[in-house]
Amino acid sequence: MKFGVLVFPGSNCDLDAYHLVRDVLEKPVKYIWHGEKKLDGCDCIILPGGFTYGDYLRPGAIASFSPVMEPLKEFALRGGLVLGICNGFQVLVESGLLPGALYRNLHLQFRCSSTHIKVENAGLPFTNLMRPGQLLRMPVAHGDGNYYCDSDTLEELFRHNRVVFRYASPAGETDQPSNPNGSLANIAGICSEGGNVLGMMPHPERAAEALLGSEDGRLVFQSILAHWGEK
Amino acid sequence: MKKSVLDPQGAAVEKALAALGYGNVGRVRVGKYMELLLEKASEEEASAQVEEMCRRLLTNPVIEEYTYRIYRADDGVDK
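Going line by line, the protein sequences match chains Z and V. Residue 1 is where the first sequence starts when you use this note's numbering, and the numbers rise one by one after that. Residue 232 is where the second sequence starts when you use this note's numbering, and the numbers rise one by one after that.
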């Protein structure tokens, strides 16, 4: 299974994602520059965290018109696996591949901290090794992670099990104090209708080695490999 | 920002105004202001293009609203 990590001007977690695939998963991986017009046969595309185009206009807005987004949209529509992390999630909502918007954290602070997220949908290519209700610990680092959508969209997300992760307390309560940014319904990650596109604000790639304080994030990537029939 | 969307910046500015003694101020919303020069034959055509640009890039219709005004540039220099 071959991974591709998109690189936009201002991406800064591209190295983390690349390191994770190459050194932790020990799978083939390549960087794909945002000006490319093809995805080079990759089976899973990661949109990494960072501050594409300096977050000018809105986070992810300008990157969502990069040339590489055309083949990415076609890839996603064909069922290709796409994982957007943090700024990558922002690019996915701006491009319309995922619904809603991510805007300024309600408390206006840039929040860099460890969070717990609760697995709401364990039946996806990204979550199949998790248990429903399982708590994962991984960091967030963002100023614009406040998820918003209209009430019809929110209802649709819950009805079709598209809310994948929600911020929770260490005891598993999806309560207000556990919400690091003001997101509706403590939403930390959502998926596309087909379940093949996942966007999440927390950083699984920064929590995939014991040395980094948590290995929970590795489950996302191991699930992808399991879905692909690899280990 | 749409009325249905909480505006954290507006709320912070409102609090700061209250702290300065302007306690009678409410419903503060912080938005963006952009200027651009556009070459089009008519105001109608310019308007159609501005609409399209607002929808596609300049605003996010999920959380934002927009209004715009079109002026004739006298000399083509930005002002």
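The set of hints was computed from the structure by calculation and includes no laboratory data. You may find that some hints are simply not true.
[What the hints assert, rightly or not] Distance condition first, Cα-Cα at most 20 Å in a straight line; then the derived EDC-like pairs of lysine to aspartate or glutamate:
1. Z/27 with Z/216
2. Z/37 with Z/16
3. V/263 with V/305
4. V/234 with Z/150
5. V/263 with Z/144
6. Z/27 with Z/70
7. V/263 with Z/26
8. Z/231 with Z/215
9. V/263 with V/283
10. Z/27 with Z/152
11. V/234 with Z/23
12. V/233 with Z/150
13. Z/231 with Z/216
14. Z/231 with Z/23
15. Z/37 with Z/23
16. V/233 with Z/70
17. V/234 with Z/152
18. V/233 with Z/152
19. Z/2 with Z/150
Each hint, compared with the structure:
Taking the CA atoms of residue 27 of chain Z and residue 216 of chain Z, the gap is near 19 Å; set against the 20 Å cutoff, the hint holds. Proximity of residue 37 of chain Z to residue 16 of chain Z is assessed by CA-CA distance (about 24 Å); at most 20 Å being required, the pair is judged violated. Annotation: proposed proximity of residue 263 of chain V to residue 305 of chain V is violated, straight-line Cα distance about 25 Å (limit 20 Å). For the proposed pair residue 234 of chain V and residue 150 of chain Z, the alpha carbon gap of about 12 Å is at most 20 Å, so the pair holds.
Simply put, residue 263 of chain V and residue 144 of chain Z have alpha-carbon atoms about 16 Å apart, close enough for the 20 Å limit, and the pair holds. For the hint linking residue 27 of chain Z to residue 70 of chain Z, the alpha-carbon distance of about 25 Å lies beyond 20 Å, and the restraint is violated. Under the criterion of a C-alpha separation no larger than 20 Å, the hint pairing residue 263 of chain V with residue 26 of chain Z is inconsistent with the structure, at around 45 Å. At most 20 Å may separate the alpha-carbon atoms for a hinted pair to count; residue 231 of chain Z and residue 215 of chain Z meet this at roughly 16 Å.
Taken as a hint, the residue 263 of chain V and residue 283 of chain V pair is honoured in the structure, with Cα atoms around 18 Å apart against an allowance of 20 Å. Proximity of residue 27 of chain Z to residue 152 of chain Z is assessed by CA-CA distance (about 40 Å); at most 20 Å being required, the pair is judged violated. Restraint check for residue 234 of chain V and residue 23 of chain Z: not satisfied, since their Cα atoms lie roughly 47 Å apart, outside the 20 Å limit. Between residue 233 of chain V and residue 150 of chain Z the CA atoms are separated by roughly 11 Å; this keeps the pair inside 20 Å, and the hint holds.
Under the criterion of a C-alpha separation no larger than 20 Å, the hint pairing residue 231 of chain Z with residue 216 of chain Z is consistent with the structure, at around 16 Å. At most 20 Å may separate the alpha-carbon atoms for a hinted pair to count; residue 231 of chain Z and residue 23 of chain Z meet this at roughly 14 Å. Restraint check for residue 37 of chain Z and residue 23 of chain Z: not satisfied, since their Cα atoms lie roughly 27 Å apart, outside the 20 Å limit. Pair hint residue 233 of chain V plus residue 70 of chain Z does not hold up; C-alpha atoms about 29 Å apart against a cutoff of 20 Å.
Restraint check for residue 234 of chain V and residue 152 of chain Z: the C-alpha separation of about 17 Å stays at or below 20 Å, so the hint holds. For the suggested pair residue 233 of chain V and residue 152 of chain Z, the alpha carbons sit about 16 Å apart, so the restraint of at most 20 Å is met. For the given pair, residue 2 of chain Z sits about 36 Å from residue 150 of chain Z by alpha-carbon distance, which is inconsistent with the 20 Å threshold.
In the structure shown, a violation is registered for the earlier hints numbered 2, 3, 6, 7, 10, 11, 15, 16 and 19, in ascending order.
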